[in-house]
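Chemist: Sequence:
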Amino acid sequence: MNIFVASRAAEGSLVERYGIALDKIVYVGNGLNQLSAESAVVRSGRPRRVLFVGREPLRKGLDILLSAMSEVVKIIPDATLTVVGTGEFALGSEPEWLDSRGLVRDRLELSAIYDDHDIFCLPARQESFGLVAVEALSRGLPCVVSSVGELPNTVRDRLEGRVVAAEDVDALATALIELMADDREFSLMSARALARASAFDWDEIAGRILRRITNA
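For the sequence shown, the numbering used here assigns the number 205 to the initial residue and increments by one for each residue that follows.
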């Protein structure tokens, strides 16, 4: 018997909660349906434009990111944040550095939004997988994510981005500032992001499953 799972978190849950032997569980990852047929490029220049994509603001940590960005702009005044996927948060007066787009359903439009930004950020409180992080990697965006669920396995700390503790506003702000301040590391992380995205190709995942079945 083989049980195929998309995340390390699911793998751990099967072992801890249900007592399933680890050698029966096969981690294969999750696949990405490409946003656009156009190839993404390695980013360069001064990273300033942060992107958040998510429909559940509290679970995805949008309030944490807003607090962190309030600190970021004190150090890097031209930093900006674009929020896609939700309008369900209260800010009072909207700061100049914030652009709220609401829900975007068209995948080509979403791809263009990724391409118009420099850094993707998902400081989630809870997250089983986080497919939006894979979308961001596939468009060459370094990612800053929290250390929950599959996120730290998808985005490896200091390789394709930064991983910070959940609900740590100061750590999140510091990670964003450091990434914005280092153009060279930003470009290296962008190149690694594109390479990392290939691990989430459906053909690659199908191959992992097939190899396990045929070798069983």
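Because the hints were derived from the structure by calculation, they are not lab data.
All values reported here derive from a predicted model rather than from experimental measurement.
Treat the hints with caution; some may be incorrect.
[Unchecked claim] Distance windows between CB atoms, simulated:
| # | residue 1 | residue 2 | range |
| --- | --- | --- | --- |
| 1 | 408 | 249 | 28 to 34 Å |
| 2 | 278 | 330 | 15 to 21 Å |
| 3 | 242 | 221 | 38 to 44 Å |
| 4 | 399 | 221 | 46 to 52 Å |
| 5 | 316 | 414 | 22 to 28 Å |
| 6 | 362 | 259 | 37 to 43 Å |
| 7 | 304 | 414 | 23 to 29 Å |
| 8 | 306 | 248 | 39 to 45 Å |
| 9 | 249 | 356 | 34 to 40 Å |
| 10 | 306 | 330 | 40 to 46 Å |
| 11 | 250 | 299 | 17 to 23 Å |
| 12 | 206 | 250 | 27 to 33 Å |
| 13 | 369 | 260 | 15 to 21 Å |
The beta-carbon is built from N, C-alpha and C at its ideal position, and this holds for glycine as well.
Chemist: If any of the earlier hints don't hold here, list their numbers in rising order.
Modeler: 2, 4, 5, 6, 7, 8, 9, 10, 12
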